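*Asks:* Use the sequences and the hints to build the structure in full.
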Amino acid sequence: ETGVTQTPRHLVMGMTNKKSLKCEQHLGHNAMYWYKQSAKKPLELMFVYSLEERVENNSVPSRFSPECPNSSHLFLHLHTLQPEDSALYLCASSQDYSRGEQFFGPGTRLTVL
Amino acid sequence: KQEVTQIPAALSVPEGENLVLNCSFTDSAIYNLQWFRQDPGKGLTSLLLIQSSQREQTSGRLNASLDKSSGRSTLYIAASQPGDSATYLCAVRLNAGGTSYGKLTFGQGTILTVHP
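Protein chains in written order, with this note's numbering: chain A, 1475 to 1587; chain B, 5 to 120.
These are computed hints drawn from the structure, not numbers from a lab. Predicted model, so just to flag it, every value in this text is computed and none were measured.
Once the Cα atoms are required to be at most 27 angstroms apart in a straight line, the calculated DSS-like pairs of lysine-lysine come out as:
hint : chain 1 : residue 1 : chain 2 : residue 2
1    : B       : Lys5      : A       : Lys1514
2    : B       : Lys46     : A       : Lys1493
3    : A       : Lys1492   : B       : Lys46
4    : A       : Lys1510   : A       : Lys1496
5    : A       : Lys1496   : A       : Lys1514
6    : A       : Lys1510   : B       : Lys107
7    : B       : Lys107    : A       : Lys1496
8    : B       : Lys46     : A       : Lys1514
9    : B       : Lys5      : B       : Lys72
10   : A       : Lys1510   : A       : Lys1493
11   : A       : Lys1515   : B       : Lys5
12   : A       : Lys1510   : B       : Lys5
13   : B       : Lys46     : A       : Lys1510
14   : A       : Lys1515   : B       : Lys72
*Replies:* This is the structure in structure tokens:
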């Protein structure tokens, strides 16, 4: 148990659906991250939040919308996704944005039909 | 732009062998380097973190070394076991004037299979 939980673990959605991924960390960390892991590609950073403020947005399409209501919770809102968005979405947290180990959740396996 | 390469892409060894996984990175101005393990369909488990000022870190049967000037890190696994079978990922954080960017740049991983 890493202290970072993600729900749901699996999600199948159509291209016109709206869904949200949730991440919660129980480690008292100040920074949270969303990563995307596609088949045969390295993990790609999507968003970084530090003290509930977005500090990095790596050219992610607007159909992905992050939300960080407090330092323990991070959401990724999804709408009008494409089949190529099917991937494992991983959440991570670290003590600070500028240093420290990143601890990962188990991921949400997303399939877009 | 930082690029991270891991060699080999896949490795299959008999139980009990000692093995080495390699990671190289193009920008040596790193803040730290982290090795992770990922089981199929699961998240990442942090194995070892090496700060840029360190040469190596050890945890049980695992030893990670760092040669920042040559842009290389190795993960040494002693006396491998079937339970070590997983994908091993290397990730680096860039140094930005004494602090770092939060972003980790990952390699594509080495898929390790240890057979009985």
